[in-house]
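Undergrad: Next come the chains, spelled out residue by residue.
2 protein chains.
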Amino acid sequence: MSSERLIYLPLGGAGEIGMNAYVYGYGPEGEERLILVDLGVTFSDMEGSPGVDLIFPDITWLTENKDRLEAVFITHGHEDHIGAVGHYWEKLGVPVYARAFTANLARHKMADRGQPAEEVVTVGPWPDMTGAGPFSVGFLPVSHSIPESAALVIDSPAGRVIHSGDFKLDQTPVVGEPFDPDLWAEVSRDGVKALVCDSTNVFSGYAGRSEASVGPEIEALVKAAPQAVVATTFASNVAWVKTLAEAGERAGRSICLMGRAMRRMIEAAIQEGVLTSFPKVISPEDARAVPRESLMLLVTGSQGERRAASAQLARGKYNGIELQAGDLFLFSSKTIPGNERGVIRIMNQLSEKGVDVVDDSNGHYHVSGHANRPDLERLQDIVNPEMVIPNHGEHRHLREHARISTERGRASVVAVNGTMVDLTAAAPKVCGFVETGRTYLDGATQIGALDGVVRDRIRMALNGHVVVTVILDEEDEPLGEAWCDIKGLPEEGRSRAPLVEVLEEDLSQFLGRAGEKTLRDDDKLEGELRRIARGTCADEIGKKPEVTVVVSRLR
Amino acid sequence: MSSERLIYLPLGGAGEIGMNAYVYGYGPEGEERLILVDLGVTFSDMEGSPGVDLIFPDITWLTENKDRLEAVFITHGHEDHIGAVGHYWEKLGVPVYARAFTANLARHKMADRGQPAEEVVTVGPWPDMTGAGPFSVGFLPVSHSIPESAALVIDSPAGRVIHSGDFKLDQTPVVGEPFDPDLWAEVSRDGVKALVCDSTNVFSGYAGRSEASVGPEIEALVKAAPQAVVATTFASNVAWVKTLAEAGERAGRSICLMGRAMRRMIEAAIQEGVLTSFPKVISPEDARAVPRESLMLLVTGSQGERRAASAQLARGKYNGIELQAGDLFLFSSKTIPGNERGVIRIMNQLSEKGVDVVDDSNGHYHVSGHANRPDLERLQDIVNPEMVIPNHGEHRHLREHARISTERGRASVVAVNGTMVDLTAAAPKVCGFVETGRTYLDGATQIGALDGVVRDRIRMALNGHVVVTVILDEEDEPLGEAWCDIKGLPEEGRSRAPLVEVLEEDLSQFLGRAGEKTLRDDDKLEGELRRIARGTCADEIGKKPEVTVVVSRLR
Numbered sequence: 001m002s003s004e005r006l007i008y009l010p011l012g013g014a015g016e017i018g019m020n021a022y023v024y025g026y027g028p029e030g031e032e033r034l035i036l037v038d039l040g041v042t043f044s045d046m047e048g049s050p051g052v053d054l055i056f057p058d059i060t061w062l063t064e065n066k067d068r069l070e071a072v073f074i075t076h077g078h079e080d081h082i083g084a085v086g087h088y089w090e091k092l093g094v095p096v097y098a099r100a101f102t103a104n105l106a107r108h109k110m111a112d113r114g115q116p117a118e119e120v121v122t123v124g125p126w127p128d129m130t131g132a133g134p135f136s137v138g139f140l141p142v143s144h145s146i147p148e149s150a151a152l153v154i155d156s157p158a159g160r161v162i163h164s165g166d167f168k169l170d171q172t173p174v175v176g177e178p179f180d181p182d183l184w185a186e187v188s189r190d191g192v193k194a195l196v197c198d199s200t201n202v203f204s205g206y207a208g209r210s211e212a213s214v215g216p217e218i219e220a221l222v223k224a225a226p227q228a229v230v231a232t233t234f235a236s237n238v239a240w241v242k243t244l245a246e247a248g249e250r251a252g253r254s255i256c257l258m259g260r261a262m263r264r265m266i267e268a269a270i271q272e273g274v275l276t277s278f279p280k281v282i283s284p285e286d287a288r289a290v291p292r293e294s295l296m297l298l299v300t301g302s303q304g305e306r307r308a309a310s311a312q313l314a315r316g317k318y319n320g321i322e323l324q325a326g327d328l329f330l331f332s333s334k335t336i337p338g339n340e341r342g343v344i345r346i347m348n349q350l351s352e353k354g355v356d357v358v359d360d361s362n363g364h365y366h367v368s369g370h371a372n373r374p375d376l377e378r379l380q381d382i383v384n385p386e387m388v389i390p391n392h393g394e395h396r397h398l399r400e401h402a403r404i405s406t407e408r409g410r411a412s413v414v415a416v417n418g419t420m421v422d423l424t425a426a427a428p429k430v431c432g433f434v435e436t437g438r439t440y441l442d443g444a445t446q447i448g449a450l451d452g453v454v455r456d457r458i459r460m461a462l463n464g465h466v467v468v469t470v471i472l473d474e475e476d477e478p479l480g481e482a483w484c485d486i487k488g489l490p491e492e493g494r495s496r497a498p499l500v501e502v503l504e505e506d507l508s509q510f511l512g513r514a515g516e517k518t519l520r521d522d523d524k525l526e527g528e529l530r531r532i533a534r535g536t537c538a539d540e541i542g543k544k545p546e547v548t549v550v551v552s553r554l555r
Numbered sequence: 001m002s003s004e005r006l007i008y009l010p011l012g013g014a015g016e017i018g019m020n021a022y023v024y025g026y027g028p029e030g031e032e033r034l035i036l037v038d039l040g041v042t043f044s045d046m047e048g049s050p051g052v053d054l055i056f057p058d059i060t061w062l063t064e065n066k067d068r069l070e071a072v073f074i075t076h077g078h079e080d081h082i083g084a085v086g087h088y089w090e091k092l093g094v095p096v097y098a099r100a101f102t103a104n105l106a107r108h109k110m111a112d113r114g115q116p117a118e119e120v121v122t123v124g125p126w127p128d129m130t131g132a133g134p135f136s137v138g139f140l141p142v143s144h145s146i147p148e149s150a151a152l153v154i155d156s157p158a159g160r161v162i163h164s165g166d167f168k169l170d171q172t173p174v175v176g177e178p179f180d181p182d183l184w185a186e187v188s189r190d191g192v193k194a195l196v197c198d199s200t201n202v203f204s205g206y207a208g209r210s211e212a213s214v215g216p217e218i219e220a221l222v223k224a225a226p227q228a229v230v231a232t233t234f235a236s237n238v239a240w241v242k243t244l245a246e247a248g249e250r251a252g253r254s255i256c257l258m259g260r261a262m263r264r265m266i267e268a269a270i271q272e273g274v275l276t277s278f279p280k281v282i283s284p285e286d287a288r289a290v291p292r293e294s295l296m297l298l299v300t301g302s303q304g305e306r307r308a309a310s311a312q313l314a315r316g317k318y319n320g321i322e323l324q325a326g327d328l329f330l331f332s333s334k335t336i337p338g339n340e341r342g343v344i345r346i347m348n349q350l351s352e353k354g355v356d357v358v359d360d361s362n363g364h365y366h367v368s369g370h371a372n373r374p375d376l377e378r379l380q381d382i383v384n385p386e387m388v389i390p391n392h393g394e395h396r397h398l399r400e401h402a403r404i405s406t407e408r409g410r411a412s413v414v415a416v417n418g419t420m421v422d423l424t425a426a427a428p429k430v431c432g433f434v435e436t437g438r439t440y441l442d443g444a445t446q447i448g449a450l451d452g453v454v455r456d457r458i459r460m461a462l463n464g465h466v467v468v469t470v471i472l473d474e475e476d477e478p479l480g481e482a483w484c485d486i487k488g489l490p491e492e493g494r495s496r497a498p499l500v501e502v503l504e505e506d507l508s509q510f511l512g513r514a515g516e517k518t519l520r521d522d523d524k525l526e527g528e529l530r531r532i533a534r535g536t537c538a539d540e541i542g543k544k545p546e547v548t549v550v551v552s553r554l555r
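One line per chain: the protein sequences are A and B, in this order. Residue 555, in our numbering, is where the first sequence stops; the numbers in between run on with no holes. Residue 555, in our numbering, is where the second sequence stops; the numbers in between run on with no holes.
Isolated chain A, as found in the complex:
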């Protein structure tokens, strides 16, 4: 026994919020049998990853050790936990376990990528347990913002770990199971070695509200509205969509879902039987015939996404429906940092239409799906683990979560992606580091975050791009002049002549005086032409652009 150990290794989600992927292992050092908890994605942005479709954790370490991997367990159906299953399954080739609702979403993701959906195995909630090598894993229901969210009870010969997954302590949630403190106490009774725990809201100092408490406030808002009401939130926040729909129904409104993700997610939840009492919804076609004061739309695009329903309604018609002065638009979700500009753009477009916008600056019309700091402390008291390992957070969240844990007398450690932690002893011990990072899904291909592809895109966006073409004849003499094309650069600079002409003049002059040695050497010639093009641009337009030099030789 003494040579065997229990390890924890985050590959994604620790040191960032997004693309969760956590490895647990048990066995002799370097031969631990492994399981993976969650396999999610992160979304790209113009500033850091322009043009990229999705961001995945780099799971090279796991694929190199896939002979040791037993299974994947998915805690719940949000994209940052499930989104990479279809893309990565082929590299792992092990069964994927999840509860019914989550498993159904995972099967769609497998099918979308041509992977075998039958590798996704539906399992029941605790006390059901699934064996995976030395591990036995149970899905412990917990409240979050999507049905059938679960913490994982991970038993190994070294003891029990509880991996919280995303959660909040809501004893009266609108969908999904309520948090059951007695059940959690029972599961924890015989001792929990480690609580690996969501850190998202560690900086929120007040206890979280229950979803049930918010419905009446929304109902009052909807009732008071003189015309149509539109509310937007994350489609994946099924609980919240239901809260909104029920508030609208109680306010006497017909409910219409708009945006593909919104309809899909709710339909899936109804199909799975996890949303039995969702209000009757009408189609956009029928909605057009409903008097405006009796209509409530629930739409996608709460983060300002340009192609989603909110943005389209703000710009003009969507599904044949157009907003009017006097309508009310409710942003009923948190704006993720970085999305503010897009959200504000929509708010102003709505303002131009005379639509009244209510956002959640007062916190009345939204509850978070994550446990706030007092809730984290409460969970620690219930579970009473030997140690707390913060995950699902940026570095500052992990650090704060570790701090409040040690303040309460529990061992803790800040373990970011790639940090291997030995959980065997009474306190966590960092026992290694593995290479991690991000890979990008870019169109149909995967590219490494450090391949330089995205770096080149950012450089072209910041600096523009000059293409220089030179033809050399059989004797390595320039044939004609240098040609230039520019993209993303002003047409004229300081000399008031076309920039392209000034460039061609300077480059051709250089060609005229260049020696044989330079003209024969591709690298040297390209380097010189690039240097001159950048210098000319610096003089003319005060910028040094990216330069591509194409040297064609006729020999």
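Careful, some of the hints might be misleading.
Heads up, the list lumps identical chains together, so a pair's fine if it works in one copy or across two of them.
Calculated lysine-lysine pairs in the DSSO-like style (CA-CA distance at most 30 Å, straight line) [said to hold, decoys possible]: (1) Lys-517 - Lys-223; (2) Lys-334 - Lys-353; (3) Lys-280 - Lys-429; (4) Lys-353 - Lys-544; (5) Lys-543 - Lys-280; (6) Lys-353 - Lys-429; (7) Lys-544 - Lys-524.
Everything labelled a hint here was simulated from the structure, so no lab data went into it.
Given the structure of chain A, go ahead and fit chain B onto it with the hints provided.
TA: Using the frame of chain A, we list chain B on its own:
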């Protein structure tokens, strides 16, 4: 008299926050004599204006009517009010009036752009008045966050307008004059036609705090800190920098300013005599010798700017000083929407160093420079204008400000950039629209926002760039194969062969079968090559890139 009118025309700052530029005119329709209030800039961002250095209002209308322009008046020294003075003065050629501190900043801006600094005229505060055509303009002191901020009292034969400029109602500010309700009442006693008023904080429902009330809280924070303290805020928020410095001094710390903008702004304020009691500051060299528990740094970079002092301290050493575990870092300013990611990046880097970060989520360590909604209402009550014209705000701010004004029985109108409003009668009347927009300072040149330059940059960033080179001989026959270069695109696609080779193969095949008509026609040939390159990329990598085709003909 009846054929003369008083007009208001925002060219920037109405429908956005930034690049303020407001025209007033008086005279017969179309022959009004004009004055311009403020001439500011906006900052660019990666999402909408990558690579751009500064954004200016498009003042084409004003330059076309510059024979009617009498003068420019600058309310205060913030970049969004003064930043374009040096760049645009040459196009306007009229005197620039400002109070001493502001005038000094304006002269520097003129000199930086090679313009005649002596065209900036220093004027005293109210009751001094400056004549400008039919107008007489006074600078009415008001509290804001930079010294010598002023509202403008604009008298014309049609009555008095008060243009608030940026302001808050602080009767005990740390720098600058306090708001003096008696003075404002006196100025307004004989009737004010229009209050043209700052709308920035119209959504803040509580009355603003005085700067003086915040110092003690910061002092307590600094006193309790065991190691070095760093605080960052806008350098231009001179009042706030002083509050921080004084709190640090009272807590027994030596104060060191870091970052060029920080030192420059404070030095200018001291020179102008508007910051007489600023604590003694030490140089970064001296700061290195000060015990950490006795040191407080005031640094630039509160918005996460990558090259500013905050970011550099978060990454490593700056001016020979390196932060350590146990140091405290205070973000003491509002994060402007869109800058969150950069700020959070720094917070996490500091967290990795073990530095404790305090931000302003509780509002204890920051006060705004703008009037909140109750303050706006209070000002209306003091001034009692016939009408309120909201400015300095996005559409949603203007609309809300107009709403609360009409609710209080005052005429109002939402007038965004380009909307000409006739203020002559008892209620404002929209009387025309002029073309407005933005121009970009890009390196050394100015480009129009709609020129396509920035659009091309964004497209290259999102889609990558393929360069196709083809040489045709004297008979218009392809000489050799097509060549490709790629930038910002993955090197390999679905077929696992280099993308460049697949492209060259497909393009060369096309050239082999292309008819004489196509080969002779540059446009046709380029169009076909572009189409094929995009199609090949779509097949191989699932993206359609930007394509530049270079056809070289030897004839």
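Undergrad: Could you run down the list of hints and mark each one as holding or not?
TA: Hints versus structure:
| no. | hint | result |
| --- | --- | --- |
| 1 | Lys-517 - Lys-223 | neither (82 Å within a copy, 69 Å between copies) |
| 2 | Lys-334 - Lys-353 | both (24 Å within a copy, 29 Å between copies) |
| 3 | Lys-280 - Lys-429 | neither (53 Å within a copy, 47 Å between copies) |
| 4 | Lys-353 - Lys-544 | neither (43 Å within a copy, 35 Å between copies) |
| 5 | Lys-543 - Lys-280 | neither (59 Å within a copy, 40 Å between copies) |
| 6 | Lys-353 - Lys-429 | between (58 Å within a copy, 19 Å between copies) |
| 7 | Lys-544 - Lys-524 | within (19 Å within a copy, 32 Å between copies) |
Of the numbered hints listed earlier, those contradicted by the structure are 1, 3, 4, 5.
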